[in-house]
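Peer 1: As a plain string of letters, each chain reads:
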Amino acid sequence: MLKATTSLGVIFFPAFDWAISPTHPEREERLLYTQDQFREEGLFDIEGISEHRPLLATDQDIMRAHFCFPSVEAVCTESHRISAGGAIQAARLVLEQETRRAFALVRPPGHHAMKVVHGNRGFCNINIEAVMVEWIREHYGRKRIAIIDTDCHHGDGTQDVYWHDPDVLFISLHQDGRTLYPGSGFPNENGGPRALGKTVNLPLPPRTSDDGYLYAIEQVVLPILADFKPDLVINSAGQDNHYSDPITNMQFSAQGYAKLNELLKPDIAVLEGGYSIKGALPYVNLGICLAMAGCDYSAVREPDYNHASLRESAEIMETIKQTCAYVLDGYFHPPKGDFEKKGEYFIRERKIYYDTDGILEKQREELKDCDQCRGLRLIKTGSSHLLPCLGVELPIDCCPACEREGYEAFASSGTEFHITQLLDQKNKQFRYLSKK
Amino acid sequence: MRIGIDIGGTHTDGVLIDGNHLVAAAKAPTHPHNLLASINQVLQAILTGQDPVRVQTLNLSTTLTTNAIVTGTTEPVGMLVSAGPGIAPSHYRIGDHYHLVYGSLDHLGTETSALDEQDLEEALADCRAQGVKCFGVASKFSPRNPAHENQMVEALGNQADFVSCGHLLSGQLNFGRRIHTLYYNSAVWRTFRTFAAALNASLKGFQLEAEVNILKADGGTMPLARAQQMPVQSIFSGPAASVMGILATTRMNQDLLALDIGGTTSDIAVFAGGQPLLEREGIAIEKRPTLVRAIRVESIGIGGDSSIQVVEGRVTTGPQRLGPCMAAGGPAPSLMDALNVAGMATFGEVDRSLQGLAALAAEHQLTPEQLAKAAIEAALDTLAAKITGLVREVNTKPVYTIHEILTDREIIPDRLIVIGGPAAVFKDLLAAQLGLEVVVPPLYEVANAIGAALTRTTSHLTLTADTARSRLSVPMLGIFRPIARGFSLQEAIAEAKKLLAADLDQAGVALPDDEIQITQADAFNMVDGGYTSGKNIRVEAQVRPALVSRLENSDVALRIAGAL
Chain A
1158 MLKATTSLGV IFFPAFDWAI SPTHPEREER LLYTQDQFRE EGLFDIEGIS EHRPLLATDQ
1218 DIMRAHFCFP SVEAVCTESH RISAGGAIQA ARLVLEQETR RAFALVRPPG HHAMKVVHGN
1278 RGFCNINIEA VMVEWIREHY GRKRIAIIDT DCHHGDGTQD VYWHDPDVLF ISLHQDGRTL
1338 YPGSGFPNEN GGPRALGKTV NLPLPPRTSD DGYLYAIEQV VLPILADFKP DLVINSAGQD
1398 NHYSDPITNM QFSAQGYAKL NELLKPDIAV LEGGYSIKGA LPYVNLGICL AMAGCDYSAV
1458 REPDYNHASL RESAEIMETI KQTCAYVLDG YFHPPKGDFE KKGEYFIRER KIYYDTDGIL
1518 EKQREELKDC DQCRGLRLIK TGSSHLLPCL GVELPIDCCP ACEREGYEAF ASSGTEFHIT
1578 QLLDQKNKQF RYLSKK
Chain B
4 MRIGIDIGGT HTDGVLIDGN HLVAAAKAPT HPHNLLASIN QVLQAILTGQ DPVRVQTLNL
64 STTLTTNAIV TGTTEPVGML VSAGPGIAPS HYRIGDHYHL VYGSLDHLGT ETSALDEQDL
124 EEALADCRAQ GVKCFGVASK FSPRNPAHEN QMVEALGNQA DFVSCGHLLS GQLNFGRRIH
184 TLYYNSAVWR TFRTFAAALN ASLKGFQLEA EVNILKADGG TMPLARAQQM PVQSIFSGPA
244 ASVMGILATT RMNQDLLALD IGGTTSDIAV FAGGQPLLER EGIAIEKRPT LVRAIRVESI
304 GIGGDSSIQV VEGRVTTGPQ RLGPCMAAGG PAPSLMDALN VAGMATFGEV DRSLQGLAAL
364 AAEHQLTPEQ LAKAAIEAAL DTLAAKITGL VREVNTKPVY TIHEILTDRE IIPDRLIVIG
424 GPAAVFKDLL AAQLGLEVVV PPLYEVANAI GAALTRTTSH LTLTADTARS RLSVPMLGIF
484 RPIARGFSLQ EAIAEAKKLL AADLDQAGVA LPDDEIQITQ ADAFNMVDGG YTSGKNIRVE
544 AQVRPALVSR LENSDVALRI AGAL
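Chain order of the listed sequences is A and B.
Each position in the first sequence, counted from 1, maps to that position plus 1157 in my numbering.
Each position in the second sequence, counted from 1, maps to that position plus 3 in my numbering.
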């Protein structure tokens, strides 16, 4: 009988009664065959691997991570609360030391959801990793956390949530943004003025296989982690790098995913994308679970797996090596970004499109250049569907001056903004104010 | 009239019941090497003065298969196990004749590698050479496609006296459990068959013409003829019989707990709305998980004979048992002795209990009363911790739909039913410790036999349909046939009910249609290349354990047959 050498809690929540639409990739059927594979392989009969149900994320849990406009209820349904609650359960298992590691195998995903949420983009409404990370910091104090996003799409949402946070290292490995949604994730995107270098983007060329991907993990991700020394390593575990995925162009395999987890040794993994539901997910998920539990995964492979035919060309491998060297150097010597400044505020103005819901958001972010703390952040946001709203964020180390200014901005916002949300990480205050 | 017999580790109990009226009850010693003698003794006692022809049903709960496995007196089994990629089948190695045959089916049942005929030939030759006559045949994903298992069964031909075949055992996916279950089923087959023949002969001697059923671990029964094909289902039926006995002798429909206190261990079960909860997948035999459906019973290492120890000033009770309690002539002080010393019981020779505790207490500068109190507290703490843990576990079991997360009702037991020898002694202690109302039902000494007598046949089946491939599968019935592309979930549910009813009918069991419960009914839209290609339908139907009647009276004297 098999035995886990590292205990693993799996929150398996396939949401068999939820879909974006009947034929959407994010539909009821998505984890059906993974469940079949788990059951037939007897995954939860392995000593040391246990199955758990998700918790339910509350409004407060979500408001710690996001500005939701017009309200939390308006942008997220029960399915999102449960999915985020699955990630929270994973964190709880690990931080309460009930299991050494945990894997939240939940849907819908979250890594395209940004700090401000008006609706669904890239199949995501709320960022389930971010809700989890804020829950961890709320209950277990300030921690250094590394999030490694191995979904095939750039984790632009998670990048945005932690853009200014030097306590969170965000590394995304993904198919080159010039060839795939959401079209971002280039090495020069390396964090805000107060967290420079703490965002790392590693775009990989289409047709990268196990060899190239694992090269990037070994040559870039592991050295950066060794330098950053996180208290917790979190894997945003998208499975759409798989060679059979219908909406991407990579050549990664179940063996590759398992090896990746063996190298990365994440404390917590959270499922993101991955839509080859018959040909990839059953094998990839099994491989990840076995690798996380320290069990032998050498015989886990897809029926049609052929390592030689999937391997990338020498030319592609050369491109990968060059990008890796460039990105690694960029972490240790981050080039100073081109930050626009007005008075004592850093300014970012952006337009964000919510592809699933067809919403266009217009956003202006003002971050105070404060020498006492990370700085007060004001986000003014309106959309094609909503009047201008304001988000007021006080960082965890907020100085008295920024705190005063933040609360003044919140109190006086009613005349100008439709809805204002306060996100005070220092005093744990999270609330809304509507226009008078 | 119905007869219920429960063969336990030490005692064999029997009851005769007419409708909802207990007519006779008897107890005899269990002769582990001659179970039939014990059966005959209780039959003799309960049938005295009765017309045996009036008995329509005889239900028997027996430790026959459990004992055979525990004592290692089983037959060698040739295991033919076929798998391809994934967790290696060598991890489930069981018995001395475990043969791997390469071949592979995927989760949809598609053959991805043919069965390796040379592997198979070598395995058969080896078993022939070793004189192995009983077999278990398993392939990974056989409930999705039985082809490889069927091929292996065919190859066995008349080389086998008996073959257990994976997909006919259960429609449930779990390769490891399938392998273990097949092994045990074939290993006890001959023992059970011999016993069944002897039992039939013996019943004729009593002029009994009743239909004979064997108790299963899920609290229901199966006809004796079925039991000879699936003897493994008769394992661990004792705790299930006691759970059904509690149902028969109490009148409760709320959430409750049932505790059966024995000599070495106590068994705890949870009832949700008066229904006993079942194991999610199946019970474990010799720590190996199987597909044998069972009432969920958690064993706790606390019983009347649990030994008392003092280690570095700390008093512990159980889980060891060094023999009977001292009051019954045992070698060392136990929980029952502590209860005697504390004045809560007067069992056997109370003086011996006091001597034993006094000696142990003196070694640790305690009075016998202090030691007794501490030992009882330790036992209650262990029981309470296990009970709380079990309820928490039941309430946090995994679920797979948003609907379940939002509507799942928490099980909050407010009552504890206690049965077993020392039940009455523990009543007030448990009530104080757990803050629950504690009830000791009447007739608790023969509750198992009553449960056996009054329970009915249970059965279940799994049906899957894939309309993209126009295929319907009911593995346990060996049904794999084409269906129309428009086959719907409603049709699938109706088909599952019809097939289960027909199968029970074939086994001689008639049940009203509404007794068949649908426990899962899902239809998943299958999409290929952006378009809906069909539906993946999954239906599970069951006849759950239930009683044919509940007892109205308890005024029957227990007859003792043979020296206990």
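Heads up, a few of these hints could be off.
Just some of the chain A residues that point at chain B, by a computed CB distance under 7 Å [as the list claims (entries may be wrong)]:
1. A1172
2. D1174
3. I1177
4. Y1190
5. Q1194
6. R1196
7. E1197
8. E1198
9. D1202
10. S1207
11. S1236
12. V1457
13. R1561
Below, simulated DSBU-like cross-link-like pairs (lysine-lysine); rule was C-alpha separation at most 30 Å, straight line [what the hints assert, rightly or not]:
14. K1585(A) x K1537(A)
15. K389(B) x K1435(A)
16. K1160(A) x K376(B)
Here are the in silico distance ranges between beta carbons for each label pair [to be verified]:
17. P1557(A) x G316(B): 47 to 57 Å
18. T1162(A) x D99(B): 45 to 55 Å
19. A1383(A) x Q278(B): 24 to 34 Å
What the hints contain is simulated information worked out from the structure, not anything from laboratory work.
Ideal Cβ positions, reconstructed from N, Cα and C, are used throughout, including at glycine.
Peer 1: So, for every hint listed, does it hold in this structure?
Peer 2: Hint check:
At its closest, the beta carbon of A1172(A) sits 6 Å from a beta carbon of chain B; the interface hint therefore holds under the 7 Å criterion. About 4 Å separates the beta-carbon of D1174(A) from the nearest beta-carbon of chain B, less than 7 Å, and the hint is met. Because the smallest distance between the Cβ of I1177(A) and any Cβ of chain B comes to about 12 Å, over 7 Å, the interface hint for this residue is violated. Because the closest C-beta pair between Y1190(A) and chain B is about 5 Å apart, less than 7 Å, the hint holds.
Restraint check, Q1194(A) versus chain B: the minimum CB separation of about 5 Å is within 7 Å; hint holds. A cut of 7 Å between beta carbons decides the hint on R1196(A): the least distance to chain B is about 4 Å, and the hint holds. A least Cβ separation of about 4 Å between E1197(A) and chain B falls short of the 7 Å threshold, and the interface hint therefore holds. A cut of 7 Å between beta carbons decides the hint on E1198(A): the least distance to chain B is about 5 Å, and the hint holds.
Annotation: D1202(A) was flagged as interfacial toward chain B, and the flag holds, the nearest CB pair being 5 Å apart, inside 7 Å. A distance limit of 7 Å between C-beta atoms decides the matter here; for S1207(A) the minimum to chain B is near 10 Å, and the interface restraint is violated. Residue-level restraint check for S1236(A) holds (minimum Cβ-Cβ distance to chain B is 6 Å; threshold 7 Å). Because the closest C-beta pair between V1457(A) and chain B is about 6 Å apart, less than 7 Å, the hint holds.
The interface hint given for R1561(A) is broken, as the beta carbon of that residue sits about 42 Å from the closest beta carbon of chain B, more than 7 Å. For the suggested pair K1585(A) and K1537(A), the alpha carbons sit about 21 Å apart, so the restraint of at most 30 Å is met. Among the hinted pairs, K389(B) with K1435(A) is inconsistent with the structure: their alpha-carbon atoms are about 41 Å apart, more than 30 Å. Simply put, K1160(A) and K376(B) have alpha-carbon atoms about 41 Å apart, too far for the 30 Å limit, and the pair is violated.
About 55 Å separates the C-beta atoms of P1557(A) and G316(B), a value consistent with the hinted range of 47 to 57 Å. Between T1162(A) and D99(B) the CB atoms are about 28 Å apart, so this pair departs from the stated range of 45 to 55 Å. A1383(A) and Q278(B) have their C-beta atoms about 55 Å apart, which leaves the hinted 24 to 34 Å range violated.
In this structure, the earlier hints numbered 3, 10, 13, 15, 16, 18 and 19 are contradicted, and the remaining ones agree with it.
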